[in-house]
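J.: Letter by letter, the chains look like this.
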Amino acid sequence: MFQNRNDISIVLSGEAGQGLQTLEQLMLRVFKKAGYYVFSYSEFMSRIRGGNNSTQIRVSSHRVRSYTDRIDIFVPMNEEATIRFHERITPETVIIAEPAMVDPQYLEGNFTVLDVAFGDLGREAGGKIYLNSVMLGLFAGIFGVDIHLVENVLRDEFHTKEESVVANNFRAADLGQTLGWQLLENNLEHFAIEKTDDVKEELLMNGVDAVGLGGLAGGCNFVSSYPMSPSTGVLVFFARHAKDFGVVVEQAEDEICAINMCLGSWYAGGKAMVTTSGGGFALMSEGLSLAGCTETPIVIHIGQRPGPATGLPTRTEQADLEIALYAGHGEFPRIILAPGSITDAFILTKRAFDLADTYQVPVIILSDQYFLETNMVLPALEIRELDEKHRIVKTKDDYQRYAITRNGVSPRGIPGYGTGIVCVDSDEHDEGGYITEDPAMRNAMVEKRLRKRKGILKDALPPKLIGAQEYECILVGWGSTFNVISEAVEQIGREDIALLHFSQVYPLHGDTAGLINKAEKKIIIENNATGQLAKLIKLETGIDFDHKILKYSGMQFSLEEVVERVRELV
Amino acid sequence: MEKKKTKSEFDFEHPTDIAWCPGCGNFNILDALKGALFELGVSRKTLVMVSGIGQAAKAPQYLNAHYFNGLHGRSLPVATGIKASNPELIVIAQSGDGCMYGEGGNHFIHTIRRNPDITNIVHNNMVYGLTKGQASPTSMVGFTTKVQVSGVHAEAFNPLAVAIALDASFVARAFAGDVEQTKELMKQAITLRGYALLDVLQPCVTFNHVNTHKWFKEHIYYLDDKHDPHDRDGAFGIATQKDRFGLGVLYTNPEKLIFEDHLEAYLDDKRPLFQRRVDVDKIAELIITRRA
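Chains as they are written, first to last, in my numbering: chain A, 1 to 570; chain B, 1 to 292.
Treat each hint with caution, since some may be false.
[To be verified] Below, simulated SDA-like cross-link-like pairs (lysine to any residue); rule was C-alpha separation at most 25 Å, straight line:
1) K45(B) x Y399(A)
2) K535(A) x G307(A)
3) K128(A) x K161(A)
4) K389(A) x P462(A)
5) K389(A) x R276(B)
6) K282(B) x Y266(B)
7) K394(A) x T46(B)
8) K132(B) x Y434(A)
9) K396(A) x D11(B)
10) K394(A) x T358(A)
11) K389(A) x D279(B)
12) K270(B) x R240(A)
[To be verified] Distance windows between CB atoms, simulated:
13) H230(B) x V165(A): 47 to 55 Å
14) G51(A) x H219(B): 53 to 61 Å
15) T212(B) x H329(A): 33 to 41 Å
16) E13(B) x P308(A): 48 to 56 Å
Read the hints as simulated data drawn from the structure, not as lab findings. We put the CB at the ideal spot given by N, CA and C, even for glycine.
Take the sequences, apply the hints, and build the full model.
T.: Structural data, given as structure tokens:
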């Protein structure tokens with residue numbers, strides 16, 4: 001039982017509409033206040049009620065950052081749960097459940113099933129709606145968390161409700177705690193995860209928060225989008241903070257409108273972002289090309305999910321790198337970032353605004369469902385050193401929006417600031433912005449736009465090397481797989497293996513080839529079916545990978561899976 | 001009809017020749033617009049012209065003012081984004097019937113619903129010009145082209161009826177052959193607070209040999225005092241008349257709140273977005289709440 005007692009993996013599984021996500025948030029807050037490091041990830045079906053969803057919560061003495069297959073404690077809240085999770089439930093797993101929620105296969109053999117009449121306890125507390133608080137109390141009991149911490153979190157959660165509601169929740173938590181103590185006494189081996197005070201000062205955030213906060217820090221003041229899983233959380237974030245931070249937030253009639261509105265905003269001096277997923281981004285391709293021709297900055301957040309077409313709407317994948325690379329007709333520069341950690345997402349989203357503004361190009365941030373729905377604890381974010389730059393120029397009478405410059409970047413004026421006029425055109429244009437078909441001017445404009453690549457490359461982020469500095473084998477990854485691969489490298493613990501992680505996937509940093517070629521064995525790990533980064537690296541550097549570890553089931557890599565698949569190859 | 005030339009700061013020597021056919025109604029519409037802007041005392045520093053693609057969409061090229069000449073059909077979202085980012089600007093979205101009512105049809109509907117304080121001037125010649133003579137959404141049933149070889153069979157799009165149905169702030173129709181009235185209606189549309197649609201009927205001398213100048217003269221009439229533009233049912237009746245085109249203000253509802261009124265970003269701070277700075281302390285405070 002509890003293989004690793006400093007790192008317990010809890011999985012709660014029930015149907016949509018049971019309040020699983022609320023319980024997840026409450027548990028994370030309680031455990032963190034108690035001094036534990038936490039990690040959580042929710043997966044859910046594309047439906048509003050019913051089905052079977054789950055959330056994994058890792059509670060640990062040390063920083064935990066990835067999803068594991070291992071389940072130490074499993075709480076099934078509907079009949080489907082134990083059936084759907086049969087591959088991950090082992091004799092080591094403790095199942096805490098109402099008997100009706102457990103499939104008969106677990107009643108024989110050496111499975112540990114603890115019968116708990118959750119329904120009765122809920123009723124005793126005042127009704128089914130108090131079940132979450134019973135559950136919260138239960139875990140407080142099992143983990144030895146002070147009930148006052150639970151009460152603080154509950155008071156905070158229900159501060160707008162009547163006192164009787166708060167009192168009932170307290171009572172429910174109390175009932176849960178007593179039960180937890182009983183289970184610990186009678187059915188579980190005692191365990192104690194080491195606590196630390198350090199964690200209390202740290203931040204509990206998910207990918208959505210990081211992209212949102214990074215956007216605010218980058219000066220984002222305009223968001224127009226069409227809702228699409230899994231990117232909608234970012235739109236919700238900005239809507240929630242629109243008033244406090246002065247952000248114009250509008251739900252557009254479609255993604256075409258969304259990107260065009262944002263381009264209008266940048267043209268008029270705003271700092272705008274769209275948030276979407278692959279299908280929505282496909283509709284924005286023409287707008288992306290418009291940004292390219294008019295040299296209007298734009299920040300595009302793509303929360304990837306599996307395609308093609310509608311694909312698996314609530315699942316995860318890293319298969320939109322190629323559309324991000326090649327979307328938009330014609331030739332123009334772009335930058336593609338793919339944050340690996342929550343901290344990274346904050347810094348890179350902030351950076352995306354500055355890069356877009358500096359080079360007047362589209363900057364795409366590639367995240368994914370797994371990344372956005374992952375909560376973890378991270379150290380404080382440094383925001384002061386990231387002061388906002390102001391790159392808009394005050395125009396003079398003779399202002400020319402597309403003045404030819406050595407680095408390809410023309411000073412960007414906006415209407416209403418200065419005496420010049422600002423003309424931008426989606427047709428090929430001259431320096432003043434007027435339509436032209438003059439071949440020499442066409443050449444000059446194409447070359448001016450493409451010259452920006454030099455500066456963009458100079459500013460490119462180098463890939464991050466984790467693990468052995470002198471390595472025989474290199475594992476290459478990008479975006480959201482950073483945490484799972486780096487945790488796997490730690491766990492494998494060999495001195496000849498390193499992770500090379502790209503949080504800027506385009507253009508690739510100049511050190512890319514050298515760093516990969518240092519390794520004898522080159523392995524790429526991607527959450528897609530064709531190895532899209534491997535193809536890009538091949539194109540840019542000529543390097544072939546020896547092995548590809550790919551996953552395209554719609555689920556993210558688990559820690560065990562990466563460890564096992566890497567071990568098979570080295 | 002006598003043309004009144006107005007010299008203003010919006011006139012300028014265009015670097016290349018004008019890409020319109022001789023005799024095109026676009027010249028009159030451009031003249032009317034320059035006149036309207038001059039008479040309203042609009043400063044070119046605060047005026048932004050937004051257009052899509054097509055011959056009409058080239059109009060901002062020939063006007064000495066800020067412009068954003070974007071994609072086919074997409075001028076209204078761009079115009080809305082500009083206005084919402086700097087409400088001090090006067091924003092006019094100008095394009096043709098194919099651009100506004102065809103490619104941009106969805107934006108047309110939702111921009112009316114959103115009601116930003118912008119003016120929407122649509123050159124409506126019932127045919128595609130730049131792609132050489134195909135049917136447009138407003139082409140009449142039976143209109144034959146190289147693509148619609150046996151004649152248009154789809155019902156013509158009725159922009160005014162749609163706008164009135166959506167309770168647009170201002171809905172008017174002009175005829176490019178009457179520069180004076182076109183100019184006066186433009187002045188009203190620009191002055192109105194809210195979304196203002198001005199559909200300008202216009203002959204296409206090259207590709208539309210049905211709806212000619214003469215044809216329009218026979219089918220237009222001027223609305224008079226008997227029509228109250230606040231009467232939505234009456235306006236709808238005028239908009240849906242068969243083969244008769246009433247010119248003037250069909251409908252207005254100036255009391256409506258505009259898009260910008262609803263934006264939380266402007267509730268406590270009226271400054272345009274470009275004048276604002278990131279409040280680092282406030283972000284730091286928000287981050288600290290994530291200590292949970």
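J.: Against this structure, judge whether each hint is valid.
T.: Structure-based check of all given hints:
1. Pair hint K45(B) plus Y399(A) holds up; C-alpha atoms about 12 Å apart against a cutoff of 25 Å.
2. Among the hinted pairs, K535(A) with G307(A) is consistent with the structure: their alpha-carbon atoms are about 19 Å apart, no more than 25 Å.
3. Between K128(A) and K161(A) the CA atoms are separated by roughly 17 Å; this keeps the pair inside 25 Å, and the hint holds.
4. A hinted pair counts as satisfied when its Cα atoms are at most 25 Å apart, and K389(A) with P462(A) qualifies at roughly 22 Å.
5. Between K389(A) and R276(B) the alpha-carbon distance is near 12 Å, which keeps this suggested pair within the 25 Å criterion.
6. A C-alpha spacing of about 17 Å is found between K282(B) and Y266(B), which places the hinted pair at or below 25 Å, so the restraint holds.
7. Proximity of K394(A) to T46(B) is assessed by CA-CA distance (about 14 Å); at most 25 Å being required, the pair is judged to hold.
8. The straight-line distance between the Cα atoms of K132(B) and Y434(A) is roughly 23 Å, inside the 25 Å bound, and the hint therefore holds.
9. Taking the CA atoms of K396(A) and D11(B), the gap is about 19 Å. The hint holds against a cut of 25 Å.
10. In summary, the hint linking K394(A) to T358(A) is supported, as the alpha carbons are separated by about 16 Å, within the 25 Å threshold.
11. For a cut-off of 25 Å, the pair hint linking K389(A) to D279(B) stands: about 13 Å separates their Cα positions.
12. Between K270(B) and R240(A) the alpha-carbon distance is near 20 Å, which keeps this suggested pair within the 25 Å criterion.
13. One distance hint, 47 to 55 Å for the beta-carbon pair H230(B) and V165(A), holds here, with the actual separation near 50 Å.
14. In this structure the supplied range 53 to 61 Å holds for G51(A) paired with H219(B), their Cβ-Cβ distance being about 60 Å.
15. Distance hint check for T212(B) and H329(A): the Cβ-Cβ separation is about 37 Å, which falls inside the suggested range of 33 to 41 Å.
16. Taking 48 to 56 Å as the suggested C-beta distance range, the pair E13(B) and P308(A) conforms, at roughly 52 Å.
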